[in-house]
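Visitor: The lines below spell out each chain.
Protein chains: 2
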Amino acid sequence: MLENNSVGIVTAQTAHFSEPLTLQSGEVLPQFDVVFETYGTLNAAKSNTVLVCHALSGNHHVAGKYAETDKNAGWWDNLIGPNKPLDTNKFFVIGLNNLGGCHGSSGPSSLKPKSSHKSEKDQPYGASFPIVTVEDWVNSQARLLNHLGITQLAAVIGGSLGGMQALQWTIAFPERVKHALIIAAAPNLTAQNMAFNEVARQAIMTDPEFYDGDYYAHKTVPRRGLRIARMLGHITYLSDNAMGEKFGRKLKDKIKYSFDVEFEMESYLRYQGDKFAGEFDANTYLRMTRALDYYDPALGYGGDLSQALKNVKAKFLVVSFTSDWRFSPERSREIVKALLDNELTVSYAEVTALHGHDAFLMPDTHYHNILRGYLSKVEV
Amino acid sequence: MLENNSVGIVTAQTAHFSEPLTLQSGEVLPQFDVVFETYGTLNAAKSNTVLVCHALSGNHHVAGKYAETDKNAGWWDNLIGPNKPLDTNKFFVIGLNNLGGCHGSSGPSSLKPKSSHKSEKDQPYGASFPIVTVEDWVNSQARLLNHLGITQLAAVIGGSLGGMQALQWTIAFPERVKHALIIAAAPNLTAQNMAFNEVARQAIMTDPEFYDGDYYAHKTVPRRGLRIARMLGHITYLSDNAMGEKFGRKLKDKIKYSFDVEFEMESYLRYQGDKFAGEFDANTYLRMTRALDYYDPALGYGGDLSQALKNVKAKFLVVSFTSDWRFSPERSREIVKALLDNELTVSYAEVTALHGHDAFLMPDTHYHNILRGYLSKVEV
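Respectively, the protein sequence lines represent chains D and U.
Okay, so the first sequence: first residue is 1 according to the numbering used here, each after it adds one.
Okay, so the second sequence: first residue is 1 according to the numbering used here, each after it adds one.
Excised from the complex, chain D in its bound form (with noise of 0.2 Å):
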């Protein structure tokens, strides 16, 4: 069953791009896929095009279903469809897998183009597959808008990670972002935040399945460090109160004085570990990660953000939750403060909100009347 206002039933489409890409380590990927849905039309003067960019184990699936009976919808379905806040009887709404993800775009999972001797197999990149940045996702984007003749973008929106690709949008294509939405995002990471990064793929790497990240052939999944990494995760999407409020110290059962599951915390977060071994590649969490770590637009200008800011054009509206611990408000406030030190157009919203990094995924009223009243003023 479709809900009301859905986008409906989407179709996943796959760009092809034969022209090398030149990657911030140095590297380059001689040739690439890009796969990604649309929703809604692009109007004539093809000024009415929003993007949207995922986050760490996001997708193209943004919106819709693939069939009536599909039990989940796109990710961010409860942001986007007619009349909904991204409204996509205005917006042409494109979602799209990022480079190294594991979903359909070039990563390592995906097959290696083969070489010119024919004797060679085809095989996964495997840990061939190059560390990509925020800079190469935004590359690899602008590309795809190439490839579907889109100029200029009438808003790029984002969380978390994805709210990093938004805002490097506005640094590396000043003239081709109108607006752009950061939400639940930081100009980079913690020493803190990067330390769980570090944790989840020391975790991965030295799963004894994981083989160097060459697993494919041995026909292995690191199962088990994928699932602890996931479990972690999730300690950090959300807060400690809504972790408080959702389970407490709730118990399942009597106390056995075991190591079994005994409060109902673990079972969520072993389901939720499961879960996520059997479907994600260890290889994309990896470089996932990586790309969050690097992300530092104001590396190069010796910290400071607000020169690395210092070409920007867009306008802006950014958004944080207060009960995030992983990208607090704080860290939006500086991307806030860089950006008025440009002197440029900027919303800020601080939404109360109990659910930490999660937030931004959810439907909550306050937060999407935000976006709604924002992107309704987004000019097409």
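Simulated from the structure, these hints should not be mistaken for lab results.
The model shown is predicted, which means the values in this text are computed figures rather than measured ones.
Errors might be hidden in some of the hints.
Just so you know, same-sequence chains aren't split out, so a pair can sit in one copy or run between any two.
With a cut-off of at most 25 Å between alpha-carbon atoms, the simulated DSS-like pairs for lysine-lysine come out as follows [what the hints assert, rightly or not]: (1) 313 to 337; (2) 46 to 90; (3) 90 to 315; (4) 256 to 112; (5) 250 to 337; (6) 112 to 310.
With chain D's structure known, arrange chain U on it following the hints.
Guide: Chain U only, in chain D's frame:
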């Protein structure tokens, strides 16, 4: 070299208990050893004893050195010694290793007492060592006092999990405790704290070298899991700010675009993880985290901590640290409130400190002066 005001060269002792100990789980330890150290001299009235309870990875070696050439002194050496805040000219101080530990007291890695079958070889308890709780520890600590002929404690002191034991002493043995110093503790863990414990345990228990806890027999060590657990621990012991101050986003070298160490913080975490994995017993780690999870004196009183403390007679010093997000000041204040509800004498200090939970181990002047002042007024 020994520092000034050191307790000097110390020797650990072992007390053997042949009377069975019934644990909270209902299991019975038929016999057990407790390893301990003492500093200072027991006075004739036997009224000057201070018991030091250790936290997750602590042990009985609280102060002094085993040899002048030892690199490190006991874990709370900065606090304990002649003329130090916990002054061994005045007090007789006891440190011990808790049951389930891996430093000499009976635990999973110690040899199981031989059964009557002569053919059975000595082998470690392994997974068969029972789960012990804060309540069990306090009972076993009381046995140690009996063994030493000490009826009453001038004070019991502990930080973190050690603070929970100090609190439990005042509940279980109200007549035997004159003062309790409860530092960086909480009346129970939050869901978030328990979640971190669960991730650490899952990392250990899913390590293929864990063998359901019987890795001694397999001559393996679940080193990978223990390493991840410790890395994660270190993130939670430090505040976000402390990690920021200590490491920030400092790079080791030029960015290599790799999963090797790029940031200094990564190097620190890996070092700490490796070191711990080479020293500590995984089965002990599991049990220590479970004891943390389970402790909740209010559980039998419908969550009413004030009721749980209704028979308590001790006087209290409660100390918390502003940047401690693992056991936040708010949680310490819950203890203070419940004590005051019972019209007990309580001093409370909230110390401004940058170092997060770890602050309780550090020689901060303000913090140490608070302890010194309080302890100087304890009558012996």
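Visitor: Does each hint hold? Answer for all of them.
Guide: Going through the hints against the structure:
1. In the homo-oligomer, the alpha carbons of residue 313 and residue 337 lie at most 25 Å apart inside one protomer (15 Å), although the nearest pairing across protomers, at 54 Å, exceeds that limit.
2. Taking the shortest alpha-carbon separations for residue 46 and residue 90, only the intra-copy value of 12 Å comes in at or below 25 Å, while the best inter-copy value is 83 Å.
3. In this assembly of identical chains, the alpha carbons of residue 90 and residue 315 lie at most 25 Å apart only when taken from the same copy (19 Å versus 68 Å across copies).
4. Taking the shortest Cα distances, residue 256 and residue 112 sit within 25 Å of each other only across copies (23 Å), while inside one copy they are farther apart (50 Å).
5. For the homomeric pair residue 250 and residue 337, the shortest alpha-carbon distance between copies (23 Å) is at most 25 Å, but the shortest distance inside one copy (42 Å) is not.
6. For the homomeric pair residue 112 and residue 310, neither the shortest alpha-carbon distance inside one copy (39 Å) nor that between copies (69 Å) is at most 25 Å.
Violated hint for the displayed structure: number 6, the only one.
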